Structure formats: C-alpha cells, structure tokens
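Engineer: What follows is each chain in one-letter form.
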Amino acid sequence: MERELRLIKGNEAIAEAAIRAGVDGYFGYPITPQSEILEYLMESKPYETTGMVVLQAESELAAINMVYGGAACGKKVMTSSSSPGISLKQEGISYIAGAELPCLIVNVVRGGPGLGTIQPAQSDYFQAVKGGGHGDYHLIVLAPASVQEMADFVGLAFDLAFKYRNPVMILSDGAIGQMMEKVYLSPQKERSKTVPEWATTGKPSTRERNIITSLDLDPAGQELFNKKLTAKYNEIKEKEVRYEEFQTGDAEYLLVAYGTSARVCQKSVQLGRQQGIRVGLLRPITLFPFPYERINELTGQLKGILSVEMSTGQMIEDVMLAVKGRVTVRHCGRMGGIITAPDEVIDSLKSQIIGG
Amino acid sequence: MAESNVLQDLNRPENLVYKRTNLMVDTPLSYCPGCGHGTAHRILAEVIEEEGLQSETIGICPVGCSVLMYNYLDVDMLEAAHGRAPAVATAIKRLLPDKFVFTYQGDGDLAAIGTAETIHACNRGENILILFINNGIYGMTGGQMAPTTIPGMKSSTSPYGRDIKIMGNPLKMADIVAILPGTYYVTRQSVHKPANVRKTKRAIRKAVQYQKLNKGTCFIEIVSNCPSGWKMTPVQSNKWMEENMFPFYPLGDLKIPDEQSV
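Those protein sequence lines, which keep their order, are chains A and B.
Here the numbering used here is used: the first residue of the first sequence is 1, the next is one more, and so on.
Here the numbering used here is used: the first residue of the second sequence is 1, the next is one more, and so on.
Chain B regions said to be covered by chain A (calculated; three or more residues, Cβ under 8 angstroms): (1) 49 to 60; (2) 75 to 88; (3) 114 to 124.
Cβ-Cβ distance ranges computed for the label pairs, FRET-style: (4) A:Leu321 / B:Asn169: 52 to 60 angstroms; (5) B:Ile164 / A:Pro219: 36 to 44 angstroms; (6) A:Tyr184 / B:Asp98: 34 to 42 angstroms.
It should be emphasised that the hints constitute simulated quantities derived from the structure, not laboratory data.
Source: prediction; values computed, not measured.
Yeah, the Cβ is synthetic: ideal placement off N, Cα and C, and Gly gets one too.
Let the hints inform the model, and build the full structure from the sequences given.
Structural biologist: The following block contains the structure:
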C-alpha cells in the first residue's frame, strides 16, 4: 500500500505512528518539549476510529502505572514524557521490567539535572541504558535521528517489546521532537485481537489463573528470575544490535554519536574530509544493546574516537568499554540545550586527538 | 452406632452448611490469627462466584499485608506498586470495559502514598470497585502510624499515641471520595461480626451490580482490626475497634445511588 507523505514535527510523528500502528492505549502527562504527543492524540480522537484509549493522567506516576495495567492485559500501550517526568516514571518502569511486560516509553530528552532546561539534551543516556529504576533490569533503547525514525520506531518498539516481553524506550531529544521533516507514514493497521497467554484478562475455566507480579519472597526464586532476565538480555545483545555507518571504510578517526548529535556529525564528517581528515561516523541506533563489537572491530584501523553527545560524557563510557583502551577516546559536546555545531566537532577532534 | 458411621451419615451434601469458597485457593493464608483480611477475601470470592464472574474478573493487589492476595483468589490478578492500584485499574477497565475490575488496598497504600491515584480515579468516575481495608496502621512493616491512625492511638512510630499537633490529623478517605462527583456508591462497613460480614457482602454485591451500569466508582471501606500491630488479642482488638475506631469512622453508607436508576 502507498505510504502517505506529510510534513510534521517529531512528536506528532510519534503520535500519528502510534495510531497507525494499532496502539491500544496512550497514557500521558504534559511536559515540555513533548506535550504535542498528547495534544495530537487528543485532537485526532483515535478512540472514535481505531478504538485507541487516550487518557491524560494526574501524574507521570499514574501514567506509567496505567501502562503497567494495560500491558498486563496484553494490550499495546505506551506513555511519553521528558526527562524530569521520566525520572518520576522510574518506579513503574522497574515494575514493568520486573513483571516482564511489553510497552513503549518515549523520552524526549531535555537538559538537567533537576528542572534543568526545556531545551534538547542527551543527558539521560545513563538513566535509559544503565537502569534508571531499582533492580537488575534493562530496557531496549532505540535512538531515532530523524522525524522519519520517530514514526518508524513506534512499530519496531512494539515488535521488540512483545518479542521479548520487555519495555522499550525511544530515547529522543527536544530537537527531534520539535523539528519538522518529511515523513512517510505507514498505512493504518488494525488493532490486534490476539490475547497473549500470560495476560490478565479474566480467568476462563480452560486455564489456570494468570498473575502479573514482580514479587518473589523466596531468595532462590528471585535469583532464578534474575538469571532468567539476564539470559533474555544476553539474547537481546546477541540479536538486536542496530547501528549505521557513514564513511567508515577508510576512516582513521571515528565519531560515535546518536540522535541529534549523529545528524550534526554527518556534516562534521563532510567538513573534516574537505580538510583532508579521514573521519567517519558510527551511529548507534540501539543504545541497549550497544554496538560494542562493531566499534571494537573498527578500532584496529583507527587513531582515535570522539564520542559526540549533548551531555558531559555518558555514552563515552560504553565507547571506552568497546575499544578496551586500544585507542584514545575523547568526549565532545555542548550542554544546557546548546546543540554542538559541525565545525566544533572537527575542532574538538583536532585539538583533543589529532593534535595541533 | 460406630463413630465412623456417624461421620458418614453427617457428611452428606444436604447437611453441608459451610465450606471453603470455590474461588479461594486451597492454601494457607499469610494473615495473623484474628485479622479481618481473610473474611474480606472470602466474601469477595463468594460474590464473584455467586455472580458467575470468575472469567470476567481482574483484581489488583496492593503493597501491604494483602500483597500476596493473588495467591489466595482463583482469579486473574496483578500486583501493583505501592499506592498505584487505582491507576492500574483505570487502564484495565478502559481497555477491557466489560470486565469486573477491583482494587484491594490497605490504608497506607490507599490513603498515604496512593492518595492522588485514589482521588483522581474516583473523581474521573472510573467504573471500578475500590475495596479499602482500614485498620489504622501499617501492618506488614510492623505497626507504624498510618494516615488513618486515630488521635491518641499508639503505634511503633507514635509510641506515646498520635499527637495531632505534631503528627497531623487522620484522613477520612471514604468521606473525601463521597463528595467527589465521580463516585457512585460509597459505604463504610466491617467484618468483625456475622451481621457485619453479611452487610459487607451485600455492599460488595451491590458494587458488582453497579459496575455493570458504568455510573462511576464504587468505594467500600472496611474498618478492620490488626491484632498484631495493635498488640492485642483478636477479641481485645475487635472490642477496641468498636469502642475507638467506630466512633471516629462510623459504619454505614456515605453515598448511595438513586435506587430508581438501578
């Protein structure tokens, strides 16, 4: 079927893609810079067309727990927020991970800590990738670098979430959320009528009762469950790593960047090459699982790596893990809502790595 | 007649007056002797069975003494984070509007950490049943002061009695939700005597019927005892409850629907 072309904001793309992907429920709470998601859904009234439930909750806590309830019933449910709101959701995210429920959480990141700024940042990397809430768990984290990917990753997120019974986060930022680009939208999908066998939808006489919980008071039982989760995360690490490369074939220097920073770095690669610097870009698309192996493979041909991120340096720790100390790794990035400029990246590469 | 023959003679279906409710799982309860939770579970299970709703029921457990309730009722159940059950129930009922959805919450869960979720679910008029067990104390964590601990009542964190000048006032949640436009039926009952058990069971049955009407939230508070937390015998605790809790939390209906519309 023909895909429809539209010029819309990243936030609107998420909302429209959610309707078209046949999402059953969205539960949100306003926060800048992502409120357009809830606004777009309320204006579109999908409850009159696809039957999708859209509800403005009383808090981020309530919204994520609504997601927990909906996901427990086997429904495709999602929420979205921005950094301070995502912090509030962490309790619920931990419970969702612990109960092995599929769902989508969108974080349109703004600068922090605290109330921070409403401008774009990439300072929630640790929170998204290393845990965020309590306990041993991981989210699958997708990092869109365009409005098109904001739309495309909604469907991908639910496919992965249901495949692994694991929460998936789209880690975007205020720039991609707010900017407008051309987007090809998928045709409308029907909402799924399939009920997973584990879902709490009322116990028929044909099966045992279903229980959704993350509680196990027996130490041996809890440890066994932790091992089961670990095995799942290992399978995800093995099968779901996604990344994109740009002019890495002959590269002596590598930029590693995701999301908005990756967009900037494409231009930086062009600028660098005009100056005779053989520089390439690796863009992780999944931040968990992280493309350690590919970065490690490239390390043999490299003289240095610049981790470009709008934070004080968070992803750089994973880049350093990947290269195992074999080449110099440095960080480049602006904070406070300032987007790093393409020439700043090349200047940083020269001063920190190439020398002179 | 030999003794075994007497038993055989008595153990006939027509002589059966009391047995384990079918929807209660045959497993020991984790509750202390004399606690009201077991009775509350039983009458809820009886109503679900009698109304033929086992396959239509989704229940949400709290964090607190009844955290393991899903081990005891033979229906689909979820464990919610502390205080969040009304939010969890909201989404379930909206996504599966034909199901019977209830939350079962203690006073720490519902009236302290979950106050916002409780009030907003009730104010939106979510078509769910909230069963609220109020024993004036945090039972599971060892008897600390709850938002419902009455003035002067001793607990491990109000060892000289609740001093409202320092510790603030207890919260009367049923009174609060009764004034919200979203609630349809609000009542306060107990399960400490057979007559009260019957009344509470009637209230649960009404709430089950009302949920089919989609007219708003039903809220049933059960004022209950906590012999372990109160450091009393079961008998003493029920007497203390009658003399001290009931004057502060009077039993009876706080909001009843216009029966004409039922």
